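Given the coordinates of chain A, assemble chain B with the ligands onto it according to the supplied hints.
In the order they appear, the protein sequences are chains A and B. Just so you know, we're using the numbering used here here: the first sequence kicks off at 1 and counts up by one. Just so you know, we're using the numbering used here here: the second sequence kicks off at 392 and counts up by one.
The reader is advised that the hints may include incorrect statements.
Computed cross-link-like contacts, DSSO-like style, restricted to lysine-lysine with a CA-CA straight-line distance of at most 27 Å [to be verified]:
1. Lys514/B to Lys475/B
2. Lys510/B to Lys298/A
3. Lys4/A to Lys594/B
4. Lys77/A to Lys298/A
5. Lys8/A to Lys600/B
6. Lys470/B to Lys298/A
7. Lys4/A to Lys518/B
8. Lys602/B to Lys298/A
9. Lys505/B to Lys4/A
10. Lys298/A to Lys505/B
11. Lys8/A to Lys514/B
12. Lys8/A to Lys576/B
13. Lys514/B to Lys4/A
14. Lys298/A to Lys421/B
In case anyone wonders, no lab produced these hints; they're calculated from the structure. Computed from a predicted model, the values in this text were never measured in an experiment.
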Amino acid sequence: MIIKANIKEALRSLLTGKQRTILALIGIVIGIASVIGMISIGTIVQHEALRQFEDMGVDILTVRKEFDEKNKAAKFKLSDILELKNYSPIILEVAPYISSGTTFSYGGKTMYIDMMGVTESFFDLNKLNLQGGRFISDLDEHRFFCVIGSEIAQFLRKAGFENPLGQQFASGERIYTIVGILKAISEGGGIRPGNINMSVITHITTAVRVQEGEIESFMARVGPQSPSQIKAEIQNYFSKKAKGLNLKLRTAEELIAQMEKQMQLFTLLLGAIGSISLIVGGIGVMNVMLISVAERRKEIGIRRALGAQRFDIQSQFIMESVVLCLVGGFIGIGLGIVISYVFSYFVKWEFMMSKSAIMLGVGVATAVGVFFGFYPSRSAARLDPIAALRS
Amino acid sequence: MLNIVEIHKTYQIGPTEIKVLRGITLTVEKGEMLAIIGPSGSGKSTLMNMIGLLEQPTSGSYFIEGKKISYDNDRELSKIRNQKIGFVFQSYHLLPRLTAMDNVGIPLVYRDMKEKEIKERAKEYLKKVEVEDRAQHKPNELSGGQQQRVAIARALIGDPALVLADEPTGALDSRTGQEIMSLFKRLNEEEDITIIIITHDPKIALQCKRKVELKDGVIVG
Ligand SMILES: Nc1ncnc2c1ncn2[C@@H]1O[C@H](COP(=O)(O)OP(=O)(O)OP(=O)(O)O)[C@@H](O)[C@H]1O
Ligand SMILES: [Mg+2]
Numbered sequence: 001m002i003i004k005a006n007i008k009e010a011l012r013s014l015l016t017g018k019q020r021t022i023l024a025l026i027g028i029v030i031g032i033a034s035v036i037g038m039i040s041i042g043t044i045v046q047h048e049a050l051r052q053f054e055d056m057g058v059d060i061l062t063v064r065k066e067f068d069e070k071n072k073a074a075k076f077k078l079s080d081i082l083e084l085k086n087y088s089p090i091i092l093e094v095a096p097y098i099s100s101g102t103t104f105s106y107g108g109k110t111m112y113i114d115m116m117g118v119t120e121s122f123f124d125l126n127k128l129n130l131q132g133g134r135f136i137s138d139l140d141e142h143r144f145f146c147v148i149g150s151e152i153a154q155f156l157r158k159a160g161f162e163n164p165l166g167q168q169f170a171s172g173e174r175i176y177t178i179v180g181i182l183k184a185i186s187e188g189g190g191i192r193p194g195n196i197n198m199s200v201i202t203h204i205t206t207a208v209r210v211q212e213g214e215i216e217s218f219m220a221r222v223g224p225q226s227p228s229q230i231k232a233e234i235q236n237y238f239s240k241k242a243k244g245l246n247l248k249l250r251t252a253e254e255l256i257a258q259m260e261k262q263m264q265l266f267t268l269l270l271g272a273i274g275s276i277s278l279i280v281g282g283i284g285v286m287n288v289m290l291i292s293v294a295e296r297r298k299e300i301g302i303r304r305a306l307g308a309q310r311f312d313i314q315s316q317f318i319m320e321s322v323v324l325c326l327v328g329g330f331i332g333i334g335l336g337i338v339i340s341y342v343f344s345y346f347v348k349w350e351f352m353m354s355k356s357a358i359m360l361g362v363g364v365a366t367a368v369g370v371f372f373g374f375y376p377s378r379s380a381a382r383l384d385p386i387a388a389l390r391s
Numbered sequence: 392m393l394n395i396v397e398i399h400k401t402y403q404i405g406p407t408e409i410k411v412l413r414g415i416t417l418t419v420e421k422g423e424m425l426a427i428i429g430p431s432g433s434g435k436s437t438l439m440n441m442i443g444l445l446e447q448p449t450s451g452s453y454f455i456e457g458k459k460i461s462y463d464n465d466r467e468l469s470k471i472r473n474q475k476i477g478f479v480f481q482s483y484h485l486l487p488r489l490t491a492m493d494n495v496g497i498p499l500v501y502r503d504m505k506e507k508e509i510k511e512r513a514k515e516y517l518k519k520v521e522v523e524d525r526a527q528h529k530p531n532e533l534s535g536g537q538q539q540r541v542a543i544a545r546a547l548i549g550d551p552a553l554v555l556a557d558e559p560t561g562a563l564d565s566r567t568g569q570e571i572m573s574l575f576k577r578l579n580e581e582e583d584i585t586i587i588i589i590t591h592d593p594k595i596a597l598q599c600k601r602k603v604e605l606k607d608g609v610i611v612g
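So that you can see chain A by itself, here it is in the shape it has in the complex:
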């Protein structure tokens, strides 16, 4: 009964809504929204990363040549890379690639694309799928057949090519023939090179010749051995083939760790915003409560005279402070959900909301209410009944 009466009383004093009450609430709202946003965006990102890695598999890694001023001459040779899988039983498959950005124009519209050169194995390693046609095969060496990513296909369709398959286009002095169209594919948590959806893919020998570039990286499917073991194996092989070549390995595990680190930074940021707003809001609530206690000294005196214990007075004001914070908390939870929904909408990831986040929001709001309501309510409870009555 007391609890119900106190909640009613709390809502009543809230509804006589004063500016300072609203200001205090804003802090709580922002604080709780950050907490909710932080947790649910974290959940969304984690879920997406896992999905992408699952999609890609954790047995894939990327080896990159690190630029080294002293050893400019040390280079990957296509044949060395291809031979790696015969050299080591740990390396099950390799897929060297080369990639460079360029623009692609048609009908007055321009898009930024990647020109990629790959080998046949690239298709399997990246778990690609075709919408139509075929992928680049090792019979396409030095030939101008290409496979296009889904977004380029879409661009062409919009430009009026119902079926881009078999179409030809010019780039520089070369004329390419489109022999295949890929289905849309994710970035694989960063393991898949570049943006395949926006790439024009030829055989690596063609690309090396056209771009006059060098091969800087390759992907590999590896056995279940430890990353350090694999790294040693690859390093060992290339130290024989190309002295001074510095290698950098990117594994799925490493990428997950990296992503988690970035998430940590993000979480820390939101956490900081959240706790600062909660402290500011909490102090605002404390202020509102102190004023409320001062304005209602007489009420406190009357209630004491009619039999309220100190404890009753204290719980009345704590309850009021908690109700205040919970009102802010629920608005904050709503705002946090909206924020994370907007986030998931823009990054096109699946929206997720964890129940525990909402429960945490309610819990934090309650805790702020109890913590910042404690001092005002204690001072209310300690008022001398007669002094309170006289005011």
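Then chain B with the ligands, alone, in the frame of chain A:
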């Protein structure tokens, strides 16, 4: 009902001591209707607050129904205030944001009673003081006499053995004041409630069975 033994109350304001009560000894029997009179500043309200356990004496002891009051137990004091004593103040002291009915129900809220039961009891007591038709009104929508009746209903709802009224008619015209007095007399006679009334009005004092006069913090008659 109650025994007060050699009670002193001294206020310390900076370096000066104000001796408000100077050795009061008083016994009130159950079912008495007692008037406390005396000039302004003689310590009547202070004594009343002492009896009502709102104030702690500087020295002396106080027994209610034979039990000695210990002032360091807030729970116990609050319980006695809640169950044995009903207060009626000169300036009514109703909570402005609550309806008459909710005001009357406050003492029962601190007894953990169910809301429905409290409302029923409150209605019953509003009827007893003849303001049941104002149950849903806020205090500022009531006349002084009506407010005082609501305050009396609130003092009575907890079935107290003792009602303390500090100038209950002070803010009312003489006719309304007389009505309130009749109400007190009826309660005293019909329900055997012990009533202590502070008053300046000799006519009101005359209607009480016993008079105690206070002067400069001592009982003079
Ligand atoms: N909290 C206090 N601090 C200091 N002095 C006080 C305090 N309360 C009461 N007094 C003093 O005690 C004296 C008696 O006050 P009290 O209110 O008991 O008088 P009273 O007999 O009820 O007077 P009245 O008829 O005017 O109501 C007064 O001189 C008053 O100034
Ligand atoms: Mg007085």
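(message) So, against the hints stated earlier in the document, which numbers end up violated here?
(response) 3, 4, 5, 8, 12 and 14
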